[in-house]
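Asker: Sequence:
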Amino acid sequence: MNRDHYVTTLYNRPFIPNRADPHISGYSNGIYYFTASVPEYDRIILRRADKIGDLAGAEEKVLWRKHPSGEQSFHIWAPELHYLWGKWYIYYAAGDINDIWAIRPYVLECQGNDPFQDEWRELGKMQAADGDEFSFQDFSLDATVMEYNGEYYYIWAEKTGAGKKISNLYIARLERPDKLSTAQVLLSSPDYSWERIGFWVNEGPAVLKHGHTIYLTYSASSTGEAYCMGMLSIREGEDILDPNNWVKCKCPVLATDREKGIFGPGHNSFVKSEDGTKDICVFHARCYDEITGDPLYDPNRHTMMIDIEWNENGDPVFDLKNKYLK
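Per the numbering used here, numbering through the sequence shown is continuous, rising by one, with the last residue being 1780.
Misleading hints may appear alongside valid ones.
Claimed, not checked - Taking lysine-lysine and the DSS-like style, the derived pairs with C-alpha atoms no more than 25 Å apart in a straight line are:
1) Lys-1775 to Lys-1714
2) Lys-1505 to Lys-1777
3) Lys-1726 to Lys-1780
I should point out that these hints are in silico values taken from the structure, not numbers from a laboratory.
Between the sequences and the hints, there should be enough to build the whole structure, so can you do that?
Answerer: Below, the structure is given as structure tokens:
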């Protein structure tokens, strides 16, 4: 249902309309890059600007389009732009028009130093580590990359089981941009009731570092009003491939707020403000909850942003009242 009218509040005005799974990359070159899922799920787009606020009105360029058939021909989802080993890469998920739920992770590599202007080359499907017979064998998506102690780690969601299946979060070290060097480690399963509404889901991981702690947010439940954000954390110095070192919050850190007109907030990323003093949470949400049919195909998931505050324990606070202002 494409709703043209809804209750407008101070909090639910989109930063960028009709862009889900938003990812903003900010680097020392002084340029911010924005990419996201488009409602048609058929292409990968990129915007750039010198200031975060200017991304809203920035030119949007199509970097890559889906294949006409076979792999990567349907459900082009959740691209993320990362600078690794001296090159730009885009991680994304895609299905097959002949099997639309055969979602797998793929990688694009930029052939120059300018991700907006230069050509992109397909590296193909993400590869598991040698001897790992489990990773990327089923519905796999929403990959992000984290740097830790000079190494890069790949974090993603993958379904397991039978029937409707369960989406878990996994982590592994990268050997190169398109291949893991270690077998998958299970980080989180949808254990709590708020992670099990509609579907049992943990997906959309995003990394935030502050002080001596690494935070990993993720999204839970089906993609309608129940969609929300959970969080894991680990102290720096711990072995991040040991799941016992991660602590999981028992409650969501960001969820639907009907009074503010925010429904199903989730699939976020993080970016630093221009002066480096603030952390900003970039997420998508709807402005209404009345959806006809599968919410996955409702086009009105909009990019929104809030400034993060920090509590007395040094943990992040995700408050919709802290709406990012240009």
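Asker: Hints first: check each against the structure and report whether it holds.
Answerer: Going down the list of hints, with the structure as the test:
Taking the CA atoms of Lys-1775 and Lys-1714, the gap is about 9 Å. The hint holds against a cut of 25 Å. About 17 Å separates the Cα atoms of Lys-1505 and Lys-1777, which keeps this hinted pair within 25 Å; it holds. For the given pair, Lys-1726 sits about 14 Å from Lys-1780 by alpha-carbon distance, which is consistent with the 25 Å threshold.
In summary, this structure violates none of the numbered hints.
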